[in-house]
Amino acid sequence: MWLAESYERPDDTTWLFNIKENAVWEDREPVNGRNVTAEDVAFSFEEERYGGYPNRGAIQPSLVGVDAPDERTVRFDLSGPLAPFLLYLGHHAGPYVMPPELLVDEMSRQTMISAGPFLLDEYEPGSRVIYKRNPNYFDAPKPYADSLVINFIGDNSAIAAAFLSGELNTTWFGVAPPIVEELENGIPGATWEYQPSLVIGGVFPDLALEPFNDPRVRQAMSVAIDRDAILTVGGALERGQWSTALPPLAGWWVDPKEDDALGEFYRYNPEKAMQLLDAAGVDGLDGVPFHTTTAYGPIFAEQSQVVQANLLQVGISVDLVVNEPTVHYSTIFNGSNTGVIGHTLSVASIEPDEALRNVFIPDSPRSPIPNGELMADDQQMLDLLNAQRTEGDVETRKKLLYDLQLHIASQMYSVPWVNPPISQVARPELSGVQFIQTFAPSPSLEDMWFNDL
Amino acid sequence: MRGYLVRRLLLAVLTLFGISLIVAGVMRTLPGDVVDVLAAEAFYNDAEKERLREELGLEAPFIEYFGDWLVNALQGDFGRALRTQRSVGDDLVNRIDVTLELAFLGLIIATVISVPLGIVAALQRSRWPDYAARSIAVFALAIPGFWLATLAIVFGAKWFTWSPPLGYQAIWEAPLTNLQQMWLPALLFGLILAGVQTRILRTALLDVLRQDYMLTARAKGLSRVMLLRRHALRNSLIPFITVIGVQFPVVLGGSVVFELIFALPGVGIYLLDGIANRDYIVVQAVNVWIAGAVILTNLIVDVSYGFLDPRIRVSS
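For the record, the sequence lines run as chains A and B.
If you're matching positions, the first sequence starts at 1 in the working numbering and goes up one per residue.
If you're matching positions, the second sequence starts at 454 in the working numbering and goes up one per residue.
Hint data in this document are derived by calculation from the structure and do not stem from the laboratory.
Treat the hints with caution; some may be incorrect.
Pulled from the structure, derived: some chain B residues nowhere near chain A, Cβ distances all over 12 Å [claimed, not checked]:
| id | residue |
| --- | --- |
| 1 | 603 |
| 2 | 713 |
| 3 | 756 |
Now the stretches of chain A that chain B is said to cover, found in silico as 3 or more residues with beta-carbon under 8 Å [to be verified]:
| id | stretch |
| --- | --- |
| 4 | 122-128 |
| 5 | 156-162 |
Only a predicted model underlies this, so the values are computations on that prediction, with no experimental measurement involved.
No residue lacks a Cβ here, since even glycine has one placed at the ideal position from N, Cα and C.
All chains should be built: construct the whole structure from the sequences, respecting the hints.
Pasting the structure below:
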């Protein structure tokens, strides 16, 4: 999106973009500072090249073709209206624009060529990445910082120590709640940003596993879980939120605490859980395999124990299995382990279409729901999913997304999880700098360039 | 001596082959592979996973895979990491100096701490200096490295607003920065290692001090210092050196904790990431390197016996 000087939409399925005239690739082999062209963009989106990559699939299902009528114009032809098209162009679900030269001798695997504000200067695997200012950046005089150093630190205490001592100017993600207090008190004038989480997660029962194939049993699990108690384990009760079928950062997420109709499906209510189980003819369950993981840190597995205790209160006894990350990613994370209840986080997403399609499209390779293809019978959900994706009117789309959240809650294909906030702290010298986890074109991203310094 | 060395080197080659085979086999039996890890980030469908597995050579039979790896490794090519497609040989070279520096500094500091403590403990047996030295040794043995490192780094920042500089700098590139980065992890590592060394040296010294020849030497009028330097210490060095040799693989493996907490890009972290990512190529290369280092260290220790005690002949 930053590359575009302007854009227009002659009709619902055609988009035309004008590429900025002064956008150039960096001055080294194999591009040697040549202009970024419309051909580069069209090449990057070329359906054949990305057709086999589902991780680039957010636009792909709607893309008929991309071509470059002239050096600066890119034309996208869609099979139908696509509401999140502009956002998808600018975030990680869309193809990255790269010069075709990088595919020669698989150079793209070894090097990075940029036309953006920073250029890759040094990469020390496992240690740090150093970016330097692009002197030929098309939006000069930005960026104002000469370099950007990103350090990989695997230990929370080490992150806190490096921040307190001034080795780090800012941290993003990964500061555990107990350390937050230390950092807050340790640096007078430090600024804090808390953002809602974009992570979807939850407890995912196998839809074919009896009695979890009954929506009433899944609903019972949802209201048996004390979500605030789970947030307390992570030390994030104050700022934590509850997911619905959408994560809190996604557009048009509805807070179940504020909405009575949705809240019915999520508020802690063990008595109601017992009633639902009675109605489903379930009188206690024993030894149900419940898989969790250490992939998201120790707190996640502790939270699974709270779920275990909550379920036991309503007569569902689960056997906790803690998987190491790779086992988790190859089984529970992609819903391939049938016959069990899985507990996992899933894809980070801010666009409701992407968030919902990842998990609830029956054949989605991204869905953690075991036997998710059984959702193919839910025509109402599939119609709503399609309608919100193509609806251009904001208010109508918002209503469709509310209906979807309510419908999915009634079916409870997954029992949604809680979302501790993402915290970012900056030392006083970087006051005003804010990382926005949208992966989307946003004026706030310019703050990364230290405008205020 | 030459025959002995040739035999040991042949044995080393066989050992390295065996280790490579075992590591490759064990890695294959672990659930999940690198494609599962990549798929978790990129969400490939089954067909795409299949294609990637073929492209990365994961579908090849084990014998074929191991044979190819072995032929390339013998030519000095350890292949490309499955996940990053970077040269494993280059990555190892870049990381070995970090781990070796940490290991050597740790061992040197451990020796500097343990030798005086061990001597004092032995000479002042069952008196307060002995109790103090043994308490320090037990403390060093008992305390977990990660806990000590975490305390040091957190309180260093809290009390002195100091933590080691980030981004490893080799000692020949920026000596001062390197020392700023390495002194604390090396000191803590050395303290942990000093526990075993102190106890071994104390026991060995006590054993030597009880020998008849020590009484004879004393009767001849040798000063206490000379007695210690010429007879007691030298004769106690064999078990001490053996322990240092045995500690070396522990040091290489144990360095991962310090690499993690002090953000040092060493071999330990590389191996840990390789295992987590099921990157067989990385894990095999690192294991061959560690095994090679251990074999070499043991050889050096064995050969050094002959210099420390002329009665020992390596040919025997």
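Quick rundown of the hints versus the structure:
1. The claim that residue 603 of chain B lies off the interface is violated: its Cβ sits roughly 5 Å from the closest Cβ of chain A, which falls inside the 12 Å cut-off.
2. Interface exclusion of residue 713 of chain B from chain A breaks down, the closest Cβ pair being 5 Å apart, not more than 12 Å.
3. Against the 12 Å criterion, residue 756 of chain B stays outside the reach of chain A, whose nearest CB is about 35 Å from its own CB.
4. Here the stretch 122-128 of chain A counts 5 residues with a CB under 8 Å from a CB of chain B, which clears the bar of 3, and the coverage holds.
5. Beta-carbon proximity to chain B at under 8 Å applies to 5 residues in the stretch 156-162 of chain A; the threshold of 3 is reached and the given coverage holds.
Violated hints, in rising order: 1 and 2; the structure is consistent with all others.
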